[in-house]
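Participant: Which chain is which? The protein sequence lines are A and H, in order. The numbering of the first sequence is this note's numbering, which starts it at 1 and goes up by one. The numbering of the second sequence is this note's numbering, which starts it at 1 and goes up by one.
Please keep in mind that the hints were generated in silico from the structure rather than gathered at the bench. Take these hints with a grain of salt, some might be off.
Unchecked claim - The calculated lysine-lysine pairs, modelled on BS3-like cross-linking and capped at a C-alpha distance of 30 Å, are:
1) H:LYS104 x A:LYS29
2) H:LYS156 x A:LYS114
3) H:LYS84 x A:LYS214
4) H:LYS73 x H:LYS121
5) A:LYS79 x H:LYS73
6) A:LYS114 x H:LYS94
7) H:LYS77 x H:LYS99
8) A:LYS98 x A:LYS67
9) A:LYS75 x H:LYS104
10) A:LYS75 x H:LYS73
11) A:LYS121 x H:LYS4
12) A:LYS22 x A:LYS75
13) A:LYS79 x A:LYS186
14) H:LYS3 x H:LYS94
15) H:LYS99 x A:LYS98
16) A:LYS75 x H:LYS94
17) A:LYS67 x A:LYS114
As the list claims (entries may be wrong) - Here are a few chain H residues that face chain A, going by a calculated C-beta distance under 8 Å:
18) ALA16
19) PRO18
20) VAL222
21) LEU310
22) THR317
23) GLU319
24) ALA325
25) ALA328
26) SER329
27) ASN332
To be verified - Output of the computed footprint for chain H on chain A, the stretches with three or more beta carbons under 8 Å from beta carbons of chain H:
28) 7 to 15
29) 216 to 223
C-beta: ideal position from N, C-alpha, C; glycine also.
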Amino acid sequence: MIEINELHKSYQTGANSLHVLKGINFSVKEGEMVSIMGSSGSGKSTFLNILGMLDEADEGTYFLDGKPIRNLNEKVAAKYRNQFLGFIFQSFNLINYKTALDNVALPLYYQGVKRAERTEKAMHYLEKVGLSQWATHLPNQLSGGQKQRVAIARALASDPKVLLADEPTGALDTKTSYEVMELIQKINDEGKTILLVTHEDDIAHMTKRIVNLKDGLIIDDSIVTQVRADEAQRKAAAHV
Amino acid sequence: MFKKDRWIEIIEVFNANPFRTFLTAFGVFWGIFILVVLLALTTGLRNGVSKDFGDFATNSMFMWGQGTSKPYKGLPKGRRVQFKLEDAAVLKDKLPQLKFVSPKGQLGGYNGANNVTRNEKTGAFTVSGDYPEYIEQQPMDITAGRFINYSDINEKRKGVVIGDGVVSSLFDVGEDPIGDYIKINGVNFMVIGTFLSPSSSGGNAEEEANTIYVPFTTFNQVFNRGDNVGWFAITAHDGTSITELKPRILEIMREQRTIDPTDERAIGNFDRSEAFGRVTGLFDILKFVGFFVGGLILASGMVGIINILLISVKERTNEIGVRRALGASPWNIRGQIIQESLTLTIISGMTGIAAGAGVIWLMNYALSQSGPVDNFANPSVNIFVVVIALIILIISGISAGLIPAVRATQMKPVDALKTE
Chain A
1 MIEINELHKS YQTGANSLHV LKGINFSVKE GEMVSIMGSS GSGKSTFLNI
51 LGMLDEADEG TYFLDGKPIR NLNEKVAAKY RNQFLGFIFQ SFNLINYKTA
101 LDNVALPLYY QGVKRAERTE KAMHYLEKVG LSQWATHLPN QLSGGQKQRV
151 AIARALASDP KVLLADEPTG ALDTKTSYEV MELIQKINDE GKTILLVTHE
201 DDIAHMTKRI VNLKDGLIID DSIVTQVRAD EAQRKAAAHV
Chain H
1 MFKKDRWIEI IEVFNANPFR TFLTAFGVFW GIFILVVLLA LTTGLRNGVS
51 KDFGDFATNS MFMWGQGTSK PYKGLPKGRR VQFKLEDAAV LKDKLPQLKF
101 VSPKGQLGGY NGANNVTRNE KTGAFTVSGD YPEYIEQQPM DITAGRFINY
151 SDINEKRKGV VIGDGVVSSL FDVGEDPIGD YIKINGVNFM VIGTFLSPSS
201 SGGNAEEEAN TIYVPFTTFN QVFNRGDNVG WFAITAHDGT SITELKPRIL
251 EIMREQRTID PTDERAIGNF DRSEAFGRVT GLFDILKFVG FFVGGLILAS
301 GMVGIINILL ISVKERTNEI GVRRALGASP WNIRGQIIQE SLTLTIISGM
351 TGIAAGAGVI WLMNYALSQS GPVDNFANPS VNIFVVVIAL IILIISGISA
401 GLIPAVRATQ MKPVDALKTE
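Okay, chain H solo, but in the shape it has when bound (with noise of 0.2 Å):
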């Protein structure tokens, strides 16, 4: 079937009419670069949305006391509910299910006032006491030393982990903050690391490079606040969901902390999970939007190159009266017009991908130029998806090429040559 011979006739036959070669070639073009294009941008959406999102560990959620709204066992309604470091350990031990649970405290707050002073210069930065667990939860580049570890946890050490931000204005430029000391209420630390949020955009980005990590138990001692623990953050294993053990947690909870097992407002809570499977599904719909839209204009293209075909192969119904007059046997005839087919679509198809690769490619260029634009990231196209549009392409191009050549070849080659 791929012989020599054979591509010279059907190039032959490409050349004999190239306005309509061109237009066949394009329906089937037009429609697997506008599916790519489709693709790629919804993709570049959810990347973009996915991204602002943040890096937190998606199977996670947060915990915080708030006031009960009923009395219980005694104790009046209004009480303010506070966690302890105990609670950690007793839901770790309850739900085995949970990879981590971090209790942290926090100091000043976005936008706060100032907190924080090295010599002259002063700033106001969120102080977060945390385990040195919650870098898997938030994942953060270490740009030099190294995170809070155990040793800090037990001996109660004085040192902080500092984002960009912090450096940026605490520190001048060039100086090495590694090793020096900054002052958080009038209590010096020593600065034994420096992160960078992988986060670019939004305000939570700008908030965690204002954030200063203390050790948990340092910070507890220092400002003064015992065992008592701010929030929460909780990650389940992979394979389980943070949204069913939620209940467990929350009741759990209750139980630990003296409040009745109906009082929903007693603890409050945000689901990231949850948010998370929000927008995702509603990319979900997108991304099938976006399929079924080129999946149309793909078909359509199909059509088209059918509906060419048949008046091509019915304009040389007489041509094939003749080359059957000179002895070519049906399936050389269809071999010819499905070879032809296939050809001219997995040309056009090929072109209309690396078409469609290259406004990726520009896209990508533009933002890589332009710097991060919100909502939109790193637009792109499964090789998967492409690999299935060029097999749905060929099976089109073999039939759009069948139904014409058998029906050229079934007549009589007297009937076909009378044809004009």
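Isolated chain A, as found in the complex (with noise of 0.2 Å):
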């Protein structure tokens, strides 16, 4: 599904050159559910904007379901990112003006999806996140654990091969952070290849997959025994 061959990145900051990405080799095959953990400063972002088409690499190629991405222009890259991937953020990244079900939506009015059809499909993956009575709420009326929800229906809604998720669960407690790796899970069991950064061990363990980023490099890349996020949820209720 991706495969990643020599990746160079670096930002210009002023006179000095930062070099953040130094040459990753890196392939996920369809149906994966992969980490990508390190400290903050390993270029774990950057990895995953570039995979995403938010930023581009300065070296190295990149093959994304076997389309080569490479000095696309922005009119092409916006349409593989409609087609390819969802997103899902840190900060959630809902439009505030906009009520849950037209967020969800939003990915299928660029493609050009009906109206009818639109609001059809958003309701059924909201319904699928478990928020379909939430539907005509705006994103300041949601909790931010229903939010994240929104946002992964929102990123599910254009049907995507792959899955990105920058800190899905960075600005949420323990208990929520749980539940959205629940439903994260679900997804991948249903087939979905999903990618995702975090620095917490124990998100990363309920993927099936850690790769290790440090200063630019992939460090360490194995497979693990993926946790069930909700047992782990079982485990820590008992504990208390």
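Relying on the hints, combine the two individually framed chains into one complex.
Facilitator: Written out as structure tokens, the structure reads:
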């Protein structure tokens, strides 16, 4: 699904050049659930942004579902983002003057789907994340966990090949984090490829594979046994 | 670009911050409103003054004899210049550019002694001997009967056309003056027509209303004028300026009346076109000031809209980043912002024009209720000007949207997303 070879990225800050990614080789197969870990400054967010076509690499090759991602103009990039990728952000990034339903429907709007069909599809995904009765609420009327679930529904709405999550639980408490992770695991169970960036160990262990980044290089890439979020939650509750 | 979904998006954006939307719209509204009202006021002033200027044909001059200031061909200075009827024919013959050369005779005058009687009623009126062409130079509404015609001139008929002021002083209410007789200096004349002066205000109108027109030939015979002419009212054809013809006219007249060609004071004249030109020149300046000030106010409105759009797009940088992450193409974003600003400018501009038109309507209504006001009449705005203002609005609306829209889509989505 994702094929990356010798990926380099550096930032110009004044006279200095900051080499953030120093040659990453990485691949993901369909249906995988991968977490990218690393301390701050390790380049994990930059890496995810490049995967998401929100940023461009300086060097190296990147194939997404067999298509080369290189020097795309914004129009094509926008189309690819819409078709292939779903984004989940730490700060949710919902549009605050749109209802939950309209937020979920937004990628479909950019796909050119008709209004009636859009609403129907968006409603389906809201149901999937258990928020159908909140459809007409604005983001500021929802809790953090609910907001993130709306964002997940939005990421799913265009039926993308890959889901990219940048610290999806970073702004949530442990209980809510586990609930969100439970949802993401369920989505992966249905076959969706998921990549998530996190610096929390427990969250990383809820995926099936952990990639460790340090100073712009992959230092460790290993398959782990997935901890189911609902079990972790039960355990935590029993502990209290 | 004009799909229903896009409109729903735009209405949502406007509703997201209604106060800001209102403020943005208000700048443009105010600019175009002031522009329209200012132009209407200058037009009203111009109309009012033009109206007071009377309806006399603009491309005209008046000419009368005075005393000579230089001796010539054995004739002494201080001699009174007397125009003759034949001068009219000579002028028309030598200067075919002249449309009308109307010889005029006058008896009595404004606020003069009583000179007209009917039964036991008397009045002081201006009695004017005229040719039928005069009505072309001085338009008047014939309310009953007719104006002087050439049969009157040729047969020297004793018929008169009287103004509404004359009618109301000499006749009772409801009495029909047509066919009745009035006595001018003891001579009986039959009323053949009545007229209403079209000027509605000022001393001119009162004087016109109190005028009696007599056929020129009758006038000269009855009042013993021989073939003397009191003064000439001369109008040039459209396309030739009376001001340019004036030196030629005076030259011919000096030759006709044996006056030294350099004697500037022997013939008095009033160039209506020149006087009118001075006044219209003043109003052209006033109109320019109106455009200039109104345009500047409109420009400041536009700066306001650009400013607010820049801020609002900057505030929405994050949102634009999210939209791009979800698959919005740059033109999708740009198109939306431009359409937003265009919608806002056009709606507020139209509202401004409508409000300006409302104020013009109110002014006209007040004028029609209170009656005519000096130096102000019929304020209005040229539709062409309004269309130009609207085009300016649309162009600036597009550029007001384009600047922030291009900025918003030039940065990488990741940078837009980082902006809070």
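Participant: A separate judgement is required for each hint: does it hold in the structure or not?
Facilitator: The hints, checked one at a time:
no.	hint	in the structure
1	H:LYS104 x A:LYS29	violated, 110 Å
2	H:LYS156 x A:LYS114	violated, 90 Å
3	H:LYS84 x A:LYS214	violated, 116 Å
4	H:LYS73 x H:LYS121	violated, 51 Å
5	A:LYS79 x H:LYS73	violated, 102 Å
6	A:LYS114 x H:LYS94	violated, 82 Å
7	H:LYS77 x H:LYS99	violated, 33 Å
8	A:LYS98 x A:LYS67	violated, 34 Å
9	A:LYS75 x H:LYS104	violated, 83 Å
10	A:LYS75 x H:LYS73	violated, 97 Å
11	A:LYS121 x H:LYS4	holds, 19 Å
12	A:LYS22 x A:LYS75	holds, 28 Å
13	A:LYS79 x A:LYS186	holds, 27 Å
14	H:LYS3 x H:LYS94	violated, 72 Å
15	H:LYS99 x A:LYS98	violated, 75 Å
16	A:LYS75 x H:LYS94	violated, 79 Å
17	A:LYS67 x A:LYS114	holds, 28 Å
18	ALA16	holds, 4 Å
19	PRO18	violated, 11 Å
20	VAL222	violated, 90 Å
21	LEU310	violated, 20 Å
22	THR317	violated, 12 Å
23	GLU319	holds, 6 Å
24	ALA325	holds, 5 Å
25	ALA328	holds, 5 Å
26	SER329	holds, 4 Å
27	ASN332	holds, 7 Å
28	7 to 15	violated (count 0)
29	216 to 223	violated (count 0)
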